[in-house]
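Throw the hints in and build the complete structure from the sequences for me.
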Amino acid sequence: DAKTTQPTSMDCAEGRAANLPCNHSTISGNEYVYWYRQIHSQGPQYIIHGLKNNETNEMASLIITEDRKSSTLILPHATLRDTAVYYCIVRDYSGAGSYQLTFGKGTKLSVIP
Amino acid sequence: NAGVTQTPKFRILKIGQSMTLQCAQDMNHNYMYWYRQDPGMGLKLIYYSVGAGITDKGEVPNGYNVSRSTTEDFPLRLELAAPSQTSVYFCASKWEGAPTDTQYFGPGTRLTVL
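So the sequence lines, in the order shown, correspond to chains A and B. Counting from 1, one number per residue, gives the positions in the first sequence under the numbering used here. Counting from 1, one number per residue, gives the positions in the second sequence under the numbering used here.
By construction, these hints were calculated from the structure, which means they are not laboratory data. Please note that a few of the clues may not be correct.
To be verified - DEER-style ranges, computed between Cβ atoms: (1) B:Asp26 x A:Lys69: 22 to 30 Å; (2) A:Met59 x B:Pro61: 41 to 49 Å; (3) A:Glu66 x B:Asn30: 30 to 38 Å.
As the list claims (entries may be wrong) - Straight line, CA to CA, 27 Å or less: simulated DSS-like cross-link-like pairs of lysine-lysine: (4) B:Lys9 x B:Lys44; (5) B:Lys57 x B:Lys14; (6) A:Lys108 x A:Lys3; (7) A:Lys69 x A:Lys3; (8) B:Lys44 x A:Lys69; (9) A:Lys3 x B:Lys57; (10) A:Lys3 x B:Lys14; (11) A:Lys52 x A:Lys105; (12) A:Lys105 x A:Lys3; (13) B:Lys9 x A:Lys69; (14) A:Lys105 x B:Lys9; (15) A:Lys105 x A:Lys69; (16) B:Lys44 x B:Lys14; (17) A:Lys108 x B:Lys14; (18) B:Lys9 x B:Lys57; (19) A:Lys108 x A:Lys69; (20) A:Lys52 x A:Lys3; (21) A:Lys69 x A:Lys52; (22) B:Lys44 x A:Lys3; (23) B:Lys44 x B:Lys57; (24) B:Lys9 x A:Lys108; (25) A:Lys52 x A:Lys108.
C-beta atoms are modelled at their ideal positions from N, C-alpha and C, and glycine is treated no differently.
In C-alpha cells, the structure reads:
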C-alpha cells in the first residue's frame, strides 16, 4: 500500500524553482522520507532524504513539516534536464533488518523553456 | 567505478523461452535488488539479496528466480517467459549500514515477450 501521495504531474518554467509536494500522513517517528527521480528510460537516481530537519545538498532542498505529515522537494533553478518523474518514498521495514523502497507512480515534472 | 551494469539492454523472447538477465556492481555493496517497471507505473520489487548466498522475495517474485554466489553478481532468471513479463527490469545495489539508504540503479533491460 502506498504510504505517500503525490500529484500526478506538474509544470515548471525553466530557471524557476520547482516545488514538488508529498503527503505522508501515516509516517512513523523513525521513518525517513526519500526522494528519487527517474529521467526517461534511465534507472532512478537518489536525490535527498530527511527525518525531521530540513535538508539541502547540491541537487535540491527538502522541507519537512513540523508534524512530518508532508514534505516538499525544491529544485531551486529548474533546467530542462530536470524533466523527470520524481518519487517521494517513505522507507518500509521488511523485517530482519532489511529496508525496502516502495516506488509509487511519482510526479512527472515537465520543465518548460 | 562502472557502478551497476546490466546486460542485455534489450531482448525479445518468445513465450516459453528462458533467459537470464545479468547484473553486476563493482562498489562492494552487500545489498542488491531486482525491480520491474511496467509502462506508466512505479517500480515493483522482485527479489533482493542482503549478501552472497542470501536471497529473499519481494513484492512480485512469481515467474523469476535469483542467485547470489558472489558479492558482485546478482542474475535474474526467467524460466518460462510469459507476455505478462514484458517490462523494463532494473537492478540496484546499496551498502547497508551507510548513513543513507541510497540505492544505485543500473540502466535497465527492456524485455518484450511475444
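Q) Keeping to a limit of 27 Å between CA atoms, is the pair of Lys69 (chain A) and Lys3 (chain A) held or broken? A) Holds, at roughly 11 Å.
Q.
Need the status of pair Lys44 (chain B), Lys57 (chain B): alpha-carbon distance at most 27 Å?
A. 11 Å, holds
Q) Could one say that the CB atoms of Met59 (chain A) and Pro61 (chain B) fall in the range 41 to 49 Å? A) 33 Å, violated
Q: For the pair supplied as a hint, Lys52 (chain A) and Lys3 (chain A), confirm whether the alpha-carbon distance does not exceed 27 Å.
A: Answer holds: Lys52 (chain A) to Lys3 (chain A) is near 17 Å, not above 27 Å.
Q) If you draw a straight line from the CA of Lys108 (chain A) to the CA of Lys14 (chain B), is it 27 Å or shorter? A) 33 Å, violated
Q. If you draw a straight line from the CA of Lys108 (chain A) to the CA of Lys69 (chain A), is it 27 Å or shorter?
A. Holds - the C-alpha atoms of Lys69 (chain A) and Lys108 (chain A) are around 21 Å apart, at most 27 Å.
Q.
So if I understand the rule, the pair passes when the alpha-carbon distance is 27 Å or less; does Lys44 (chain B) with Lys69 (chain A) pass?
A. Distance of about 24 Å is within 27 Å: holds.
Q: Decide if the proposed pair is consistent with the structure: Lys57 (chain B) and Lys14 (chain B), CA atoms, cutoff 27 Å inclusive.
A: 25 Å, holds
Q. Given the hinted pair Lys3 (chain A) and Lys57 (chain B), is their alpha-carbon gap at most 27 Å?
A. Given pair Lys3 (chain A), Lys57 (chain B) holds - Cα atoms ~20 Å apart, limit 27 Å.
Q. Do Asp26 (chain B) and Lys69 (chain A) keep their Cβ atoms within the hinted range of 22 to 30 Å?
A. With a Cβ separation near 40 Å, Asp26 (chain B) and Lys69 (chain A) fall outside 22 to 30 Å, so the hint is violated.
Q: Quickly compare the C-alpha distance for Lys52 (chain A) and Lys108 (chain A) to 27 Å and report which way the hint goes.
A: 25 Å, holds
Q: Starting from Lys105 (chain A), check that the Cα of Lys9 (chain B) is at most 27 Å away, please.
A: Holds, because 23 Å separates the two Cα atoms, which is no more than 27 Å.
In this structure, the earlier hints numbered 1, 2, 10, 13, 17 are contradicted, and the remaining ones agree with it.
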